[in-house]
Structure formats: structure tokens, C-alpha cells
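What follows is the residue order along each chain.
Protein chains: 2
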Amino acid sequence: MLFDKLFNPKSIAVIGASRNPNKVGSAILRNIKLTYKGKIFVVNPFADQIQGIKSYKSILDIEDNIDVAVISIPAEKVLDALKECEKKKVSFAIIISAGFKEIGGIGQERENELKEFLKRSKIRVVGPNCLGIINTDPSVNMTFVDPNTTVFKGSTAFISQSGALLSAIVDDASMNNIGFSKIISIGNSTDIDEADIMDYLREDEKTKAIVLYIEGITNGEKFLKSLKETTKKKPVVILKGGRSNETSSAVMSHTGSLAGNYKAYQLAFEEAGAIVVSNVDDLFNFMRDAAKFEVKTNEVVIVTNSGGGGVITADHLYEAGLKRAEISEETVSALSKILPAESNLHNPIDMLGDASPERYKETLDIVSNLNKPTIVIFSPQEMSMPIDTAKVIYDMHLKKPELPLFPLFLGGTNVEKARRFLIEKGLPAYYYPNEVVDIIKGLYFYYSHRNPTYKRYSKERVKIVKFNVNKNAFGINAKQFFDKIGIETVNGMIIKDEKDLKEKISKLGYPCVLKISSNNVAHKNKIGGVITGIKNEEELIKAFKDLNEIIKKNKLENANIEIYEDATKGNKKYVEILLGGHRDPIFGPMIALGIGGIYANEIGEVEFVLPQLSDQKIEELKDTKIGKLILSASNPEIFDKIISYIIRLGKFMQVNPNIKDIDLNPLIVSQSSAVAADFKIFVEAN
Amino acid sequence: MLFDKLFNPKSIAVIGASRNPNKVGSAILRNIKLTYKGKIFVVNPFADQIQGIKSYKSILDIEDNIDVAVISIPAEKVLDALKECEKKKVSFAIIISAGFKEIGGIGQERENELKEFLKRSKIRVVGPNCLGIINTDPSVNMTFVDPNTTVFKGSTAFISQSGALLSAIVDDASMNNIGFSKIISIGNSTDIDEADIMDYLREDEKTKAIVLYIEGITNGEKFLKSLKETTKKKPVVILKGGRSNETSSAVMSHTGSLAGNYKAYQLAFEEAGAIVVSNVDDLFNFMRDAAKFEVKTNEVVIVTNSGGGGVITADHLYEAGLKRAEISEETVSALSKILPAESNLHNPIDMLGDASPERYKETLDIVSNLNKPTIVIFSPQEMSMPIDTAKVIYDMHLKKPELPLFPLFLGGTNVEKARRFLIEKGLPAYYYPNEVVDIIKGLYFYYSHRNPTYKRYSKERVKIVKFNVNKNAFGINAKQFFDKIGIETVNGMIIKDEKDLKEKISKLGYPCVLKISSNNVAHKNKIGGVITGIKNEEELIKAFKDLNEIIKKNKLENANIEIYEDATKGNKKYVEILLGGHRDPIFGPMIALGIGGIYANEIGEVEFVLPQLSDQKIEELKDTKIGKLILSASNPEIFDKIISYIIRLGKFMQVNPNIKDIDLNPLIVSQSSAVAADFKIFVEAN
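Line by line, the protein sequences give chains A and B. No gaps in the numbering here: position 577 of the first sequence is 577 in the working numbering, and each next residue is one more. No gaps in the numbering here: position 105 of the second sequence is 105 in the working numbering, and each next residue is one more.
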């Protein structure tokens with residue numbers, strides 16, 4: 001495969017290996033020598049030999065073929081060295097050196113030059129500004145992480161955009177016996193990026209799960225494509241750093257202001273089937289356990305010798321949206337025969353504080369037949385035997401390897417050995433209730449999202465409508481497009497004069513609304529350009545005159561007065577919904593469905609979806625607060641109509657990349673209709 | 001003080017000490033013997049001596065005075081033993097034995113007998129069904145926790161309602177060098193409860209912070225009173241187990257359905273100044289660090305040698321509602337003189353991966369002048385020196401002991417010693433960014449909530465109005481009470497007949513609303529008993545006839561037809577708010593302020609407050625989504641009017657304990673008014 005030579009090179013040259021043990025170039029060579037079985041070459045024009053290996057003046061002086069060159073020399077010399085590598089037909093270079101775009105200024109210039117060179121060259125590059133790469137099987141450590149840090153062999157690959165975080169996590173993993181298949185510090189990803197690596201790891205048999213730390217993505221489309229393909233085969237876990245970065249500049253649209261920077265990332269990652277976490281400790285637990293079990297249901301069994309431990313774990317389950325499995329009559333009856341009378345036979349199944357390993361065994365024998373993810377809590381108490389209990393759990397695992405078993409050993413000194421025993425045997429083992437619940441939640445999310453279907457989406461036939469306008473469109477100017485793509489809008493027309501007004505009201509009827517339509521929406525709101533609840537001709541004519549006055553007074557150009565039906569007319573019960581579109585700079589269009597009207601700004605309850613709606617996402621939408629709100633005022637047919645609007649809005653934004661934001665707010669949703677009452681299309685960046 | 005003899009007894013008798021090393025009665029004696037310097041007596045009629053101590057047949061045979069009797073005998077014999085203790089004038093008994101109310105049935109009977117006895121007796125009792133009590137200075141361990149578990153001396157007291165959780169946490173603390181002043185397993189708290197212990201610990205000089213694990217409270221008022229007094233003197237941290245318990249039975253009122261079981265606990269605890277946590281690991285960190293620093297601001301400084309670590313920590317700060325402190329020009333300028341050019345001089349202050357201890361020192365010397373809580377991140381990298389960096393942090397602490405310093409050492413083997421060093425020196429030290437942020441958030445919450453003022457509350461003069469009705473009140477029947485207590489309601493009247501109708505509409509004007517008022521509110525909604533938006537006499541008379549038909553058809557007794565003004569009339573811009581009251585069975589009345597109308601059920605955005613509103617809480621309310629929603633449609637005067645409504649509603653519920661729930665939904669809030677448009681008072685349990 002493409003990157004085989006990178007991860008499993010036959011020969012490595014260290015360009016910039018150093019005699020000074022405190023230098024990066026020395027640590028890299030030391031790390032390679034530690035376990036690598038292939039040929040090692042050293043390039044340093046100022047040394048005869050380094051760490052017992054002959055040093056060449058230039059890579060061109062080496063006679064053997066070189067698969068990977070690890071480059072750790074001052075930034076200004078990197079390009080020249082790379083050119084020599086090209087001449088030498090080196091396949092891959094790992095550029096450790098910093099001093100590129102991350103420092104700006106001259107660094108950015110270097111980065112540009114490097115990029116230019118790589119466009120024309122066959123050599124593929126990891127970095128610059130990275131820690132390097134580690135493979136554990138066969139073992140090669142081409143990084144400068146502390147040589148005292150043991151990197152264990154495991155089945156999880158770790159890709160990190162932060163070198164410092166990577167070394168901390170690898171160090172932590174070393175203390176906790178967590179292993180890796182491969183570790184990649186991706187650096188500036190000037191050439192090879194996360195998606196390229198993920199494409200490779202997807203097919204890598206030694207990698208069962210992939211964990212990423214990401215601060216930003218440059219090519220959203222490429223990354224998502226790779227992610228979607230990868231999650232079909234193995235779990236991918238992502239921690240996104242920089243969630244607190246604010247959205248840039250002023251925001252004019254509701255939808256734009258609701259979509260934070262992070263929302264797009266989270267949404268895109270989750271829609272592509274990734275498990276998204278927010279804590280380093282979760283990242284850590286997934287590194288160890290992401291590939292251990294398939295969690296096929298959100299109904300969880302808790303078995304415990306600690307009432308309090310069971311209670312707290314049940315709390316976390318509830319807060320995570322998971323369920324306690326119902327224990328069938330049959331199972332309760334079986335448990336009642338083996339457990340003391342005071343036990344709780346329902347979930348959490350409390351075997352009491354004096355539960356022996358034997359009692360754990362008998363209980364697990366019974367509840368394992370439920371075939372549900374099972375949390376086994378142990379808390380050290382009088383007579384309790386942690387190691388023997390751990391062995392019972394391990395035996396259960398051997399008997400039923402597919403059963404997702406999650407031992408939770410509360411306590412310290414008394415249970416530490418038991419936890420270690422389980423981890424060494426390849427089972428998970430946790431310290432705290434929230435940890436184990438986070439894992440189960442993530443694994444269930446993965447199981448239920450890794451293979452989305454798009455039946456409903458494919459069914460929808462949407463007309464392609466071009467938005468051939470170069471400026472923001474409001475009022476009738478915007479309405480016409482939604483009419484074309486098949487989103488119902490309230491009746492409305494432009495009024496030429498008073499005569500026209502009288503003609504049009506006869507078609508619309510009272511109550512009605514008069515609005516000024518101008519290119520400056522902010523202005524319109526301030527100057528009182530909307531008059532609602534007009535009930536008769538007298539009010540209508542006065543309103544028309546007032547608005548004309550306002551247009552004159554404010555010297556509005558290209559301003560129209562428009563008349564609209566009252567969209568709530570005839571509806572005893574309705575809700576105001578916001579339907580919107582927002583184009584994220586990295587991931588493209590997102591569609592928003594939220595509480596609308598005056599509530600949109602302050603309450604901000606909103607769900608974002610990608611334009612391509614999976615059947616699973618549609619079901620999930622129904623279960624959100626917004627879904628329930630819509631259904632409380634309407635019915636499944638109207639809900640389906642809104643799904644159709646979402647798909648249509650998405651297509652409209654996809655075929656019109658000039659559109660930045662769309663607000664349909666409010667969308668009046670009632671028993672018999674879903675009608676947009678106000679419409680805005682923004683082409684200016686929000 | 002009251003419990004001095006309990007925690008620092010001159011003599012202890014172990015009733016039920018056992019020769020069998022596997023019995024609880026043996027472990028207790030072993031634990032006492034381990035460190036206790038006072039007199040130990042043993043009572044066991046079947047033994048001559050146990051663990052080298054002479055055994056008495058009865059406590060009455062002992063000649064010395066006994067301060068504490070620890071009782072570990074079968075439940076059915078406990079009362080007799082206790083009677084002997086009374087005769088012997090023993091001050092305190094700790095009843096370890098289980099088999100009381102926690103097992104129901106005969107156990108409940110035993111509990112009742114015990115309770116009866118204790119009412120008449122001077123002896124004070126901890127338990128039954130508990131693990132016992134530990135004091136570390138002077139040292140005495142009257143529990144059966146594993147004798148291998150070392151309990152270190154510290155300044156935090158721990159009270160737990162779960163024995164199993166207590167032993168797990170003490171075990172974990174032992175592994176992590178976390179010490180305690182006192183540990184109390186409270187058991188069934190038949191006599192001495194959490195509040196009694198807290199009253200004692202409040203004055204205990206060796207206790208600087210108190211941590212509680214609670215599953216339920218029986219006397220809410222007593223507990224809150226003790227808690228409020230205690231948080232004035234020292235931080236109290238509470239983990240509540242059983243958060244997932246659903247509200248009981250069917251709920252008729254909006255407010256009732258919005259108030260979960262846990263909400264009342266959380267609200268009451270936080271209003272009393274407690275730090276409420278939801279994870280065991282947070283509980284753990286607070287045990288160690290709750291009393292270390294005062295955090296007087298929510299503006300936090302981050303100093304880091306790891307870009308990624310800084311980014312993730314900033315994310316957690318943001319998500320926790322804390323702020324990154326602004327770094328002044330002056331400070332930036334000072335930092336620029338000592339840090340490399342590529343450093344980030346703003347917050348997080350990134351000193352780069354090669355930061356030496358010296359660089360940490362110089363940076364801390366500068367930023368310590370900001371006098372803000374400071375997170376110091378260390379991540380192991382090339383050349384980095386964990387221990388020396390830890391020493392630099394410790395030196396800073398010695399120089400400025402009041403400065404809240406939170407070292408965060410990412411990594412494992414390479415930094416573990418540095419973490420231990422800091423902890424041994426009495427500083428905190430964390431593994432993960434979210435932990436350190438949780439601590440800072442909690443300590444800032446404590447600092448800003450421990451001394452609430454009630455100026456605004458005291459200013460409000462509220463009339464006492466009795467709700468002398470024995471059934472639910474809706475419509476005009478309810479409205480009259482709100483009119484009396486000073487909450488504005490929409491104009492409305494009962495209609496006798498068509499003539500009356502015509503008279504009343506002339507006062508109210510169109511549009512108006514007609515409603516059936518009946519005792520069965522659920523019924524009213526189903527049968528279409530509300531007709532809104534009546535615009536003229538024709539519609540009015542038809543509506544009146546329709547409603548009369550409905551009353552006849554459904555054979556409604558005591559049903560009225562009522563007419564109301566349209567509460568939204570004349571308001572161009574308004575929001576629908578829910579103002580409600582709910583009586584929690586433990587903590588009494590809570591007042592709800594949330595999104596109203598049709599949105600109340602599904603969106604459920606709501607803030608609960610206690611009737612006695614602190615000035616701080618009022619400020620916080622302004623900053624919530626609901627507060628902002630109200631202010632978006634009104635102004636500070638109207639907001640203040642709603643505060644007045646909250647206080648009035650609270651008083652009304654306090655003086656009328658028969659009222660269970662109140663719904664004022666919607667409360668129409670506009671630029672010039674806040675008027676309730678519908679009113680319900682429930683006396684039946686929801």
C-alpha cells in the first residue's frame with residue numbers, strides 16, 4: 001500500500017543527526033536505534049560518526065536506497081536537503097524541523113516554497129514542525145519523544161496535530177500499559193495530511209481503531225470522505241481542540257449566529273460516524289478500549305456490590321441518554337434463587353456488600369444471557385476479594401467474548417492489582433462511573449451511526465434553481481426562489497401604489513402585514529418598516545402612507561413596499577420555527593432547525609444537520625426538543641414536509657456557492673401547513 | 001462542643017467484638033487498636049479475651065466511664081444493648097449493625113422501635129447500618145474499613161450516606177495521599193444526621209472543607225439551615241446520588257413537570273452556597289483541594305509549554321463559563337522581553353516546547369502580579385525538566401501563598417514524580433484539563449455565593465393572602481388571588497348570560513377570548529373550551545353559544561364561561577413567559593421562570609429559584625437565556641416587576657402550604673407590562 005515504505009522502511013537516513021545528546025537530532029537517532037532492524041544511515045557534514053554509525057556529508061553519498069529520510073536541521077536548510085533526497089529518489093521524508101508557517105512571516109515564505117517544490121516532486125512529506133512517526137509492529141520509532149517512554153504495541157493508531165499533546169499522551173499511555181499500532185505527529189501537514197494517513201490506516205490490519213487530536217482541518221471535503229469510509233471499517237475517535245474560538249466578525253443572520261465554529265466540526269464528524277469526545281481522559285480510555293466490543297444496544301445492565309456505586313452509575317447512564325435494561329421476570333426469578341433476600345434484583349442489580357466472587361459468577365452467568373452491555377461494579381468492602389472477582393469477570397469474558405463487559409473497580413490500593421489484571425488480559429477496567437458510561441455511549445453511537453442510509457433523502461426530487469444575484473435578497477426578491485425550490489411561503493406581493501394596494505388586499509384579505517423591502521435588513525428593523533396586524537382598509541391605507549414616509553425620510557433606494565397575508569391566520573395552534581442555512585468555511589452548507597420568531601436569538605434551541613440527511617438523523621431529529629415542538633403543533637406529514645424543506649434548502653445552497661446564509665424565520669408550523677413568513681438570503685460573509 | 005466525646009472519646013467499648021478475624025466485630029477492634037491512645041473495652045459474653053483485651057459479658061460490668069460504644073451485633077439484639085448503654089450513661093453509640101429500615105418489613109419495625117427509644121433517651125446514636133467514624137487528629141478509627149487502607153491526616157471531612165462508596169473513596173484517597181480530618185458513615189441517620197454533623201464540623205478547627213455524598217434528605221429545612229451557616233465559614237462540596245429518579249406520578253402542571261426530583265436538590269444546595277458536583281472524580285479532587293485557595297475572580301491565566309494543552313484547557317474554561325484573563329499591554333511587554341519571539345504572549349501564554357524551569361520562573365514572576373487564578377501547564381518534551389519546573393511553581397507558591405496556582409502536569413511516567421512532589425508540598429496537581437477547570441469553577445462559585453445578600457428581597461412588601469380553598473382553582477377563581485398579591489393579570493369576568501356578555505364586551509373590547517372555567521383543566525383543553533381571537537359581536541355570540549353547548553354536552557358541573565381581554569393586544573413585540581410555583585416534598589416551594597405558551601412543554605428552558613431571592617441570584621437570572629429573552633422584549637423596570645412577582649408568588653406559597661403547584665402561563669411580557677393571561681392553582685399532589 002501507499003505508505004508501507006513510510007511505516008515499514010527498509011532503510012532510514014537521519015539528516016541532521018547530532019553528536020550533542022541534548023539535541024533533537026540525537027534523540028531521533030537514539031530512538032531509531034532502540035528497536036529498528038533495518039539499515040540506518042546518518043547524514044551530518046561535520047561529523048565522522050555519530051552514536052557509532054558512520055556519518056555521510058550528504059545523502060547523495062550513500063550507496064544504498066533510502067526509503068525514509070528523517071530531517072532535523074535548521075528550517076532554512078530543509079529545502080536544499082529535500083532536493084538532495086529527491087535526487088536520491090528517497091520515497092518519504094519526515095521533516096521534524098520547525099520554523100515554517102507556524103511562526104508566520106519568513107516561516108510562511110518557507111512553507112510556500114516547500115509547497116511549490118512538493119507540487120512538482122515525487123517525494124512525499126510528513127511535517128514539517130512535527131515529532132515524527134512510530135510503528136510498533138515492526139517496531140520503528142522515528143520521533144524525538146523521550147527515549148525513557150516505552151511505547152507498547154497495541155491496536156490503536158493515534159494521529160495528533162499537537163506534538164506536545166502527543167508526547168504527553170504517549171507518556172501517560174506508557175504508565176498505563178496502553179499500546180498503539182502507529183503514532184503519527186502530523187505537524188503542518190504541508191503534503192501528507194490526516195485524511196491521507198486515515199486512508200492508509202483504514203486498510204492497515206494492525207490498526208483496529210483510530211484516535212485523532214485535531215485543531216483545524218484545511219480540506220473539509222477530503223477529510224470527511226476519508227472519515228466516512230474509515231468509520232465503515234473501524235471506530236474513529238476525535239478530540240477537537242479550539243472549541244472556544246468565537247465565530248468571526250459580525251453576524252447578520254440568525255442561523256449564522258447560532259452556528260459556532262465548533263458546531264460545524266462536531267456535526268460533520270458525527271455525521272461521518274466518528275465518536276467525538278471533549279476530554280483528554282475520554283480520548284485516553286477510547287485509545288485503550290475503542291476496538292474491544294461492539295455495543296449494539298443502549299440498554300445497559302449494572303451489576304454491583306455497592307449500592308452507592310450503582311446509584312451514581314445509573315445517574316450517569318441517564319444523563320448520557322442511555323437506558324437501564326429492563327430485567328425480565330424470568331431473570332429476576334433466577335437471580336432471586338442465588339442472591340440474598342435483601343438484594344436488589346432489578347437494575348442496578350445490587351448483590352450487597354458481602355458479595356463473594358462466587359456470587360459475582362452466579363449473577364454474571366444469569367445476566368450474560370441478556371446479551372446487553374454490562375457494567376460490573378466492584379467496591380472494596382469487608383470480605384470482598386478484588387483479584388478473585390476480576391478473575392470471575394475474565395472467565396465470563398472467555399466464555400462469551402462478544403459480551404460487552406465493563407468492569408468498574410472503585411477504590412485505590414485494594415483494587416489496583418485487579419484493575420491491572422483485567423487490563424493485561426485485554427478487558428477494559430475503569431476507576432470512575434462517568435468514564436465507563438462515556439465509553440459505552442461512544443461505542444453505541446459508533447455502532448448505530450457507522451452505516452447511515454439515505455432512503456428518504458434519495459426519494460426527494462429537487463429542482464436545481466440558480467441564485468443568479470450578486471447581493472442579499474429579502475422579501476419578494478427572496479421569496480421567489482423558495483417558491484421555485486418548493487418551500488411554501490406566505491402569500492405576498494409588491495405594491496405599486498394605492499390603487500394596486502386595494503386590488504391586492506381583495507386577494508389576500510385581512511389581517512395582513514405591510515413591509516418595506518430594502519437591501520439593508522438591519523435598517524428596516526430599526527426604522528419601523530414592518531406593520532403587522534392590519535385589520536381593515538383604514539389601517540391599511542394609513543400603514544401604506546406611513547411606510548412611504550419612512551422610505552422618503554430615510555432616502556432608501558430600490559425600496560419596495562410589500563403586502564403579505566398573516567401566516568398565522570386561521571391557525572388555532574401553531575409554533576414559530578426557524579429554518580436556516582449556513583455555509584461553514586471548512587465543511588460547507590449546514591441546515592438549522594430551531595425555535596423561531598423572537599425566541600430564536602435568546603433561547604437558541606437549534607439542531608444543525610448536513611444537507612444530505614440520513615434516515616437515522618431524521619429519526620433522531622424527531623426526538624429532539626425541536627422535533628417534539630414541531631410534532632406538538634402538527635403531525636408526521638407536516639414533519640416530513642419540513643424534512644423535505646431541509647433537503648431542498650441544502651441542495652439550493654449546494655448548487656449556489658455564492659449564498660452564505662439563509663433565514664426562513666418564522667416558519668409557521670400548524671396542523672395543516674408549514675409556511676415561511678419571512679425570507680432572507682445573504683451573499684455577504686457573515 | 002456537642003460531639004467532642006464522639007470524635008475524641010476517652011474510652012471506647014466495642015460491643016460485639018469478635019474472635020473470628022473475618023467478622024466485622026474483629027475488624028473494628030483491630031482498627032481502633034491501630035492508633036487509638038485511650039481506653040479500649042470489649043464486650044462479648046462468649047469470650048474471655050479478644051485480641052489480647054479482656055472481654056466483658058455486659059457493658060454494665062465495666063467500671064470505667066464509656067464515652068462511645070461501637071455496636072456490631074445482630075440487629076435484633078441492638079436495642080437491648082443500647083438500653084444497657086443508657087443505663088451505663090454512655091454518651092454516644094455507633095450502631096454498625098444492618099437490618100433496619102433499609103431492608104423494610106421487620107427491619108422497619110426495628111427502626112421504629114429504635115426511634116421511639118431514642119426520643120426518650122439521652123444517648124445519641126450514629127447509624128444504624130453504617131461503617132462507623134474516623135478521626136485523624138487525635139487518631140481513632142471506629143470503622144471496619146480494610147485495616148490495610150491508610151487514612152492520612154488532612155483538613156477535609158467526608159460524610160457519606162453510602163458505606164460502600166465511602167470505603168472505595170477512602171481506599172482511593174489512601175493511594176493518592178489524600179488526607180481527611182474526619183470521616184463519617186452516616187448510615188440510616190435515625191438520630192444524628194448530616195446536619196448535626198455539619199453543625200459540629202463547622203466549628204471544628206481541624207476541618208477546612210466538608211465533602212458529602214448524599215442520596216436523600218429527610219429534613220430539608222434543617223439541612224439547608226445548617227448548610228447555609230456552614231458555607232459562610234468553609235466550602236461544602238456535595239455529590240447527590242439518585243439524580244436519575246423520575247418525578248413521581250402524573251404531573252398536571254407545567255411547572256411540576258419541569259421540576260425534576262434532582263432540580264430541587266441542586267437548587268437548594270447551590271442557593272445555600274454549596275459546590276455541587278456530579279462526578280466521583282470531581283468529588284475526589286475537591287477532597288484534596290477545596291480548602292487550598294480562594295478563587296475571587298472567574299478570569300483565569302493559562303501558562304503553558306504545550307500549545308495543544310493550552311488550547312484544550314481554554315476550551316474547558318469557555319465551556320465552564322469561565323474567562324481567559326485579558327493580559328495587559330504592560331504584562332505583554334514584560335513577557336516579550338523574556339520569552340522567545342515565537343511565543344504567544346496572550347492567554348494562553350505559550351512559552352514553547354523547550355521552556356526551561358528558568359523560563360517558567362520568569363514568566364510566573366510576571367503573571368503572578370495579575371493576582372488571578374493561574375493554571376500552569378507542563379507537558380514532557382525534549383529538554384523539559386518536570387521536577388525542577390515543579391520546584392519553580394512551589395517557590396512561587398512560597399513567595400505568594402495567596403495566589404491560586406493550579407499546576408497541570410500532562411503525561412505519565414515522566415511527570416508523575418513532579419505531581420507527587422507538588423501534592424506533598426500542599427499544592428494541587430492535576431492530570432487532565434477538565435479536572436483543573438472543574439475545581440476553579442467550583443471554588444469561584446463558592447467564593448461568589450457564600451455570602452448572599454437579600455436587599456432587593458427585603459425591600460418587597462408583600463401582602464399575606466390566604467388561599468382558603470380546598471380544591472384546584474382555575475380562571476377567575478384563581479385570578480382573584482393573583483390580583484390580591486399584586487401580580488398583574490389580564491382583564492376578565494364571568495359571564496352570566498348573553499345580556500351580561502354584551503355589557504362586558506363593551507368594557508373589554510375586541511379582540512377577546514372566551515373560556516370555560518371548570519375544575520377539570522385537562523378536560524377543558526380536550527373539549528375545545530377556549531376560543532381565542534374573537535373579533536366582532538357575531539363571532540362573540542356564536543362562541544358563547546358554542547361553549548354553552550359544550551358545557552351541556554359534557555355535563556360539566558360548576559362550570560362558568562369567562563371572557564378575557566386579549567393580553568397581547570396593542571403589543572407589537574412581546575414574549576410568552578411561564579411563571580410558576582412548585583412545592584418540592586423535601587425543600588418546599590420553588591419558583592420557575594421559563595419560556596411560556598406552547599413552547600413550555602417541549603423546549604422547557606426554565607430557571608428555578610428559591611422564594612427568597614438573593615441579590616446575586618437576581619443578577620444571575622438576568623444573564624440566563626430566560627433573563628435575556630425577557631429583556632429583549634422589555635426593559636429593566638419590567639424585569640424588576642417580574643422579580644417582584646417571583647417574590648410575591650414565593651410568599652403566597654409559603655403562607656399557603658396547601659398549594660402544590662401554580663402555573664401562570666403565558667405571562668405576556670412586553671415593553672410596558674408583564675401580565676398573566678392564564679392562571680392555575682393546584683392543591684392536589686402533582
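Check each hint, because a few of them may be wrong.
What the hints assert, rightly or not - Chain B stretches covered by chain A per the calculated footprint, using a threshold of three residues with CB under 8 Å from any CB of chain A: (1) 369-382; (2) 656-663.
To be verified - Label-pair ranges, simulated between beta-carbon atoms: (3) I338/B <-> K33/A: 35 to 41 Å; (4) E557/A <-> E342/B: 48 to 54 Å; (5) N468/B <-> K622/A: 53 to 59 Å; (6) E229/A <-> A341/B: 58 to 64 Å; (7) G216/A <-> A341/B: 35 to 41 Å; (8) F46/A <-> S336/B: 29 to 35 Å; (9) K425/B <-> K33/A: 47 to 53 Å; (10) D395/B <-> E229/A: 37 to 43 Å; (11) E221/B <-> N344/A: 51 to 57 Å; (12) P147/A <-> K425/B: 25 to 31 Å; (13) V469/B <-> L345/A: 32 to 38 Å; (14) A47/A <-> S336/B: 32 to 38 Å; (15) A341/B <-> K115/A: 37 to 43 Å; (16) E539/A <-> K545/B: 25 to 31 Å.
Keep in mind that the hints were calculated from the coordinates and are not lab data. This structure is a prediction, so every number in the text was calculated from the model and none was measured. Using N, Cα and C, we set each Cβ at its ideal position, and we do this for glycine too.
Going down the list of hints, with the structure as the test:
Counting residues of the segment 369-382 of chain B whose CB falls under 8 Å from any CB of chain A gives 4; the rule of at least 3 is met. Only when three residues or more bring their CB closer than 8 Å to a CB of chain A does the claim for the segment 656-663 of chain B stand; here the count is 0, and the claim is violated. For the pair I338/B and K33/A, the beta carbons lie near 37 Å from each other, so the given range of 35 to 41 Å is met. For the pair E557/A and E342/B, the supplied restraint of 48 to 54 Å holds, since their beta-carbon distance comes to about 50 Å.
With their beta carbons about 46 Å apart, N468/B and K622/A fall outside the hinted range of 53 to 59 Å. Range check, E229/A to A341/B: about 42 Å between beta-carbon atoms, so the 58 to 64 Å window is missed. Range check, G216/A to A341/B: Cβ separation about 23 Å, and the 35 to 41 Å hint is violated. As the Cβ distance of F46/A to S336/B is approximately 34 Å, the hint placing it in 29 to 35 Å holds.
Taken as a hint, the range 47 to 53 Å is violated for the pair K425/B and K33/A, whose Cβ atoms sit roughly 39 Å apart. Range check, D395/B to E229/A: about 53 Å between beta-carbon atoms, so the 37 to 43 Å window is missed. Evaluation of the 51 to 57 Å hint for E221/B and N344/A yields a failure: the beta carbon distance comes to about 30 Å. Between P147/A and K425/B the C-beta distance comes to about 29 Å, which sits within the given range of 25 to 31 Å.
The given range of 32 to 38 Å is broken by V469/B and L345/A, whose C-beta atoms sit roughly 45 Å from each other. Evaluation of the 32 to 38 Å hint for A47/A and S336/B yields a pass: the beta carbon distance comes to about 37 Å. Separation of A341/B from K115/A is about 23 Å and departs from the stated range, judged on CB atoms against 37 to 43 Å. In this structure, E539/A and K545/B meet the distance hint of 25 to 31 Å, their C-beta atoms being roughly 29 Å apart.
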